[in-house]
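Participant: Work the whole structure out from these sequences, hints included.
2 protein chains.
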Amino acid sequence: MIKELTAFLSEEQVSVNPSIREQHSHDESYHTPVLPDVVVFAKSRSDVVKVMQVAVKHRVPVVPFAAGSSLEGHAIPIRGGISLDMMGMDKILEIRPDDFLVHVEPGVTREALNEALKKYGLFFPVDPGANASLGGMAATNASGTTTVRYGAMKENVRKLEVVLSSGEVIEVGSLAAKSSSGYHLTELFIGSEGTLGVITGLWLRVYGIPETMVAARATFPRLEDGVAATTAIMGTGIPVARMELVDPAAVRGVNFYKKTNYPEIPTVFFEFHGSRESLAQDIERVREMITEEGCTSFAIEHNEEERRRLWEARHVVAHAFLAQYPGKRQIVTDVCLPLSALPQAVENAHKLLEQLDLPGAIAGHVGDGNFHTILAIDPDNPDDMQKAEAFNEQIVLDAIHRGGTCTGEHGVGSGKLKYQRTEHGSSYRMMKSIKTMLDPFNILNPGKVIAD
Amino acid sequence: MIKELTAFLSEEQVSVNPSIREQHSHDESYHTPVLPDVVVFAKSRSDVVKVMQVAVKHRVPVVPFAAGSSLEGHAIPIRGGISLDMMGMDKILEIRPDDFLVHVEPGVTREALNEALKKYGLFFPVDPGANASLGGMAATNASGTTTVRYGAMKENVRKLEVVLSSGEVIEVGSLAAKSSSGYHLTELFIGSEGTLGVITGLWLRVYGIPETMVAARATFPRLEDGVAATTAIMGTGIPVARMELVDPAAVRGVNFYKKTNYPEIPTVFFEFHGSRESLAQDIERVREMITEEGCTSFAIEHNEEERRRLWEARHVVAHAFLAQYPGKRQIVTDVCLPLSALPQAVENAHKLLEQLDLPGAIAGHVGDGNFHTILAIDPDNPDDMQKAEAFNEQIVLDAIHRGGTCTGEHGVGSGKLKYQRTEHGSSYRMMKSIKTMLDPFNILNPGKVIAD
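From first to last, the protein sequence lines are chains A and B. Last residue of the first sequence? That's 1021 in the working numbering, and every number before it is there in order. Last residue of the second sequence? That's 1021 in the working numbering, and every number before it is there in order.
One thing to keep in mind: the hints can contain errors.
In this list, chains with the same sequence are indistinguishable; a pair is considered to hold if it fits within one copy or across any two.
[To be verified] Below, simulated SDA-like cross-link-like pairs (lysine to any residue); rule was C-alpha separation at most 20 Å, straight line:
(1) 687 with 958
(2) 688 with 956
(3) 688 with 801
(4) 897 with 958
(5) 1004 with 737
(6) 1004 with 680
(7) 987 with 846
(8) 688 with 856
(9) 1004 with 735
(10) 1001 with 735
(11) 612 with 956
(12) 660 with 684
(13) 827 with 588
(14) 687 with 805
(15) 728 with 972
(16) 728 with 909
(17) 827 with 692
To be clear, the hints were calculated from the coordinates, so they are not data collected in a lab.
Facilitator: This is the structure in C-alpha cells:
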C-alpha cells in the first residue's frame, strides 16, 4: 500500500517515521493514543482522491488529521491505517467581501483566516478557543464563546467540497443565502467527524467587524444565580456576543496562569458588539436585569487591552486550570440543554463535583445552554480515570434525561460513542444506514460516531 | 386497499368523493391538477403509520397535503394514490416560553400558532405570505419577508418527528440550541417535500415580540438602484427585519387590489424590530445610506395600522397583480443568488420581462438575494405557457450560472425538477441514493425532487 501511495505522492508526503506517527497518534483529549501505520500529507484534492482509492483497494482506514486540537479522540486512528494530514491544504482561495463569503482549504486555521480578513473589515466568528483548522471545525460542528450571537459551524458553512470513500468529489450546499432546491446535504457532513467523507474545501460566511466591542465581568454569590441571570438575558433578545459562566475554581486557574487578579467567585464574562450608542443601552439593560438576579458587581472593561486580556483568560481556562496540576490531563464534560433545564443541570454538576474526589472547575457557554466541567486526572491512575468517567456519565445521562445532548460542541469521537443510541433512539438506525451507504467498507475514521 | 384503510380509520377519514378528490388535486400553482385515488384525513401519528403500511403493501403513492398553498405542484399526486390530508393534526402540543420553543402537529397553520403565542409575548417569525401549515412549511423549507432577520424554516426547526416509508417513527434533532452528537438529520427532512418521510410533529423556535416595530417605504428612480441600496444595507449589519423590493407593476397591482395610493415607481418596503431608541438610530443610518444610492423619498409609517396595511399589501402582491387579469393564473420565478450577483440578475430579469409579451411584475426578498417575477398567463393558451416557461428557464439558468439556486423558497415540486441535475451536479447522485435508501419502493410523493 505504501508503495502505491508513493507512486503518486512525493517522498516527503508519505511518512512512517516513528515521531511523525507519534504526533498523529493523539489529540488534546485523555483518550489512549494509537499509532497510524503511515502518515500522508495531502497537498491537494487530487491527493485525497488518490489516497482514498488506494485505501479502498486495500481496505485500510483513513483518518483525517489537522490541528489535532479535538477533545474526544476524533483524530486518533484507533484501527490504525492512514492518518491523512490536511494542514498542507492551507490556502485561502477567495475572499468575496460583497457576498460576506470566503472559500478556503480545510487546513486554514481560524486565526489565519481572521488575519487575512482583517484588511477587509471582516471576521469569521466561530471561536472554539483553540486555533483549530476550519476543516476540523466543520467536521465536529465546532462552536464556542460567540455562538450565542453568530451560531455554530452549521450556521456558518454555506457550501462544502467533499471527497467520498468512492473517490468521487462532490459539492454540497449553495452560495445563495437560502435554498429550497434538493436535499440539504451540507449539514450531514458538518459534525460527521470524517466518517462520511473528507472535506477538501469550505465556503464560509463572514461578518463585518463590529464598530464597537465592549467586555464586562459580573459576579454572583452563587453559580446558580449566574445561570439564572444569563437565561433571563436570553429572554429579552438583547444581542450579547459572548456570555460565559466561570466558577471560582476556573477563575483561580486563570489568575494562577495569566497573573490576573479577578475575584475568585462565580462570574459571568460578557462581550457586546454593535454601534457605540446601541451598546450603551444594551449594557444598561443587562446591568439592570442581572442586578435583579443578585449580581454583586458589574465591571466594564473599557479599553481594548483589558477586553483582550479577559477573553484570552477565558480561552485558556482549561489549560489554566490544568496548569495548577502538573502532569495531569483533562477530562471535559460538554452537555448542552434546553435553556430552562440549564440551572438545575449546572446545580447538579456543581453538587456532584463537590462530592467528587478530583480537582474540577465549571465553565459554560450559558447562552446556548452548554456548559463544561473540567476535571484534572492522572491518566495513569485507573482510579482517577474510573471516577472521572463515572462523573461524566452522570452528567451526560442527566442532560439527555432533561432533553439535552451529550455533546454541545466537542463531538462524539471515542468518548461519546456509547451514548449515541441512548440519545438518538430510533434515528440512530438511520444514521447507521447513511454511514453504510456512503462508506460501505468502513474505512472512513472507523469506530467514530457510529459503532462498528 | 381502500377496504384495508377503512379497517382502522373511521368512515369520514377515507374519501373517494369527487369534489374532495378535486380539492386535493391541485395547489396554488399553474401545474396541471391530477386526482388522487383516495383522500385520507389523518388524525394522529398512528393513522399515518398505518396508512404507510397499507401503501407500502400495495405499492401505492402517499402524497402529504395540508393547506394546499404550495407554488410548484408539491401536493399534486401526479402518480395518483393517496392524498394524505394532515390538516386534522392541528394541535399545539406544548408552548415552552422559557425555552423559546413550541411543539406542534403539522396541520397547525402559522397564523394559528401566532394567535396562540401572542399571550406569551412570543411569535413565530417565518412568514411566506400564505397562511401555510407548519408541516408544509418545513417540508419546503419555506421562508419569506422576515428571513433576512430570522432565517428560513431550516434555521427555526429544532426537532422533527417523521414517519418513514418503513412505518418506523423517528425523532431527529435536539431541543438543545446546538449539538455535535451524531449526524444532523433534521435538515435532510426540511425541504424534502414529503419524499423521504411524513412529518408528524415539529419543535420550533419562537421569539419575543419586539418592543417596537416600524415600517418604511423608500422609492428609487430605477429598480437597480433599489437593489444596490439594499445590498449596501446588508453590508452594514443593520438588523432590518424585512426589506422587500417591488417594481412599478407590483405596486400598481397592490393599489388596484388594496385601494392604496403608493407611488407606482420602484420601491423598497422596510420593517425594523427593536427597542425604540435603537430603531431610531437604525432608521437614520438606513436613510443616510439609501439617500447616497439615489433614494428619492423615504416615508416612515408611524402608526400600527399603516404598518399593517403596508405588509398586508406586500403579502398579497402576487394575488393583487393577478387580480388585474381575471381568469389568468400565475407562474412565479424564485431564484436566489449570492448578494453580489443580485443586481445583475434583477437587471437581466427586468430586461427579459420588457421583451416578453406577457404581463409581469418583480418583487423580491432582496436582503437574502431572492427575487420573484410574477407572470400572469392563460393556462389554456399553450403559447402563453411556452413563453412563460422559456422565461422561467432563462432566469433559472442565469441564476445557476451566477452561483445561485433555482428555488430560494418555493421548492422543487414539479416545476424545478428538470434543473436539479444542473444545479447539484455530482451531489445529485447522493440525493438519489438517500431517496432510494429511505423510500425503496418510491411511494413517498413520487416524481418530486428526485426524478423517477
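Participant: Compare the structure with each hint and give your call.
Facilitator: Evaluated hints:
{"no.": "1", "hint": "687 with 958", "verdict": "neither (42 Å within a copy, 45 Å between copies)"}
{"no.": "2", "hint": "688 with 956", "verdict": "neither (49 Å within a copy, 48 Å between copies)"}
{"no.": "3", "hint": "688 with 801", "verdict": "between (37 Å within a copy, 19 Å between copies)"}
{"no.": "4", "hint": "897 with 958", "verdict": "within (15 Å within a copy, 68 Å between copies)"}
{"no.": "5", "hint": "1004 with 737", "verdict": "both (16 Å within a copy, 19 Å between copies)"}
{"no.": "6", "hint": "1004 with 680", "verdict": "neither (32 Å within a copy, 39 Å between copies)"}
{"no.": "7", "hint": "987 with 846", "verdict": "neither (49 Å within a copy, 51 Å between copies)"}
{"no.": "8", "hint": "688 with 856", "verdict": "neither (34 Å within a copy, 27 Å between copies)"}
{"no.": "9", "hint": "1004 with 735", "verdict": "both (13 Å within a copy, 19 Å between copies)"}
{"no.": "10", "hint": "1001 with 735", "verdict": "both (18 Å within a copy, 16 Å between copies)"}
{"no.": "11", "hint": "612 with 956", "verdict": "neither (43 Å within a copy, 49 Å between copies)"}
{"no.": "12", "hint": "660 with 684", "verdict": "within (13 Å within a copy, 51 Å between copies)"}
{"no.": "13", "hint": "827 with 588", "verdict": "neither (32 Å within a copy, 76 Å between copies)"}
{"no.": "14", "hint": "687 with 805", "verdict": "between (32 Å within a copy, 16 Å between copies)"}
{"no.": "15", "hint": "728 with 972", "verdict": "between (30 Å within a copy, 11 Å between copies)"}
{"no.": "16", "hint": "728 with 909", "verdict": "between (33 Å within a copy, 17 Å between copies)"}
{"no.": "17", "hint": "827 with 692", "verdict": "neither (26 Å within a copy, 45 Å between copies)"}
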